[in-house]
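Guided by the hints, dock chain H onto chain Y, whose structure is given.
From first to last, the protein sequence lines stand for chains Y and H. By my numbering, the letter at position 71 of the first sequence is numbered 82, and the numbering carries on one by one without gaps. By my numbering, the letter at position 83 of the second sequence is numbered 94, and the numbering carries on one by one without gaps.
It is worth saying that the hints were derived from the structure and are not from the lab. Some hints could be false.
The list treats identical chains as interchangeable, and a pair is accepted whether it falls inside one copy or across any two copies.
Said to hold, decoys possible - Straight-line Cα separation of at most 20 Å, SDA-like style, residue types lysine to any residue; simulated pairs:
1) 49 <-> 65
2) 40 <-> 75
3) 40 <-> 102
4) 49 <-> 85
As the structure is a prediction and not an experimental result, all values here were calculated from the model.
2 protein chains.
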Amino acid sequence: MALLSPIERASLAERLPLWRPVSGRQALKRGFHFIDFKQAFAFMTQVALLAERRDHHPEIYNLYNRVELILTSHDVGGLSMRDVQMAEEIDTFAPR
Amino acid sequence: MALLSPIERASLAERLPLWRPVSGRQALKRGFHFIDFKQAFAFMTQVALLAERRDHHPEIYNLYNRVELILTSHDVGGLSMRDVQMAEEIDTFAPR
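Next up, chain Y with everything else stripped away, as it sits in the complex:
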């Protein structure tokens, strides 16, 4: 899995409008809000199962009802299509 090309990177804002670049890193992040910790952890569990299935693991940060995910491909040192595809799949079950 290769790094995204400059053209692919330029298309990210349109393809993944809910994800943002991470300052100083080749990575994408999205924050999520929930009613309470139970809902946040249920979401984290969905992400965990997806991460195991894809063998691609986001950084997960949780504080009570808030979750932040950061996606990057450590093996290629930046963003790959694995990150894009994972972000798209997370968006299918994440709250808007």
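The following block gives chain H in isolation, referenced to the frame of chain Y:
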């Protein structure tokens, strides 16, 4: 639940030798290493169930096989005995 007294704070290094102060914050942190993500997430799930039972929720940070927990009592703006007791209970099931 009140803030720890100065004497109680001074005893933390001895009472919780695996936990460290967080720079610039009234909080305690501990890092944990596991064989893989599955083991790390199993531990996070134990922490989540404990957090719900005690109604006291640590900050949780995870990257693949590593977990970091940060404990503080937001309601009193610093460390309370709730943090100390939770750290002690986490230590009973965490890897050394």
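Hints and how they fare:
1. Taking the shortest Cα distances, residue 49 and residue 65 sit within 20 Å of each other only across copies (13 Å), while inside one copy they are farther apart (24 Å).
2. Proximity of residue 40 and residue 75 under a CA criterion of 20 Å is satisfied in both settings, with 18 Å inside one chain copy and 16 Å between copies.
3. Within a single copy, residue 40 and residue 102 get their C-alpha atoms as close as 12 Å, which meets the 20 Å cut-off; across copies the closest is 31 Å, which misses it.
4. In the homo-oligomer, the alpha carbons of residue 49 and residue 85 lie at most 20 Å apart only across protomers (18 Å), although the nearest pairing inside one protomer, at 30 Å, exceeds that limit.
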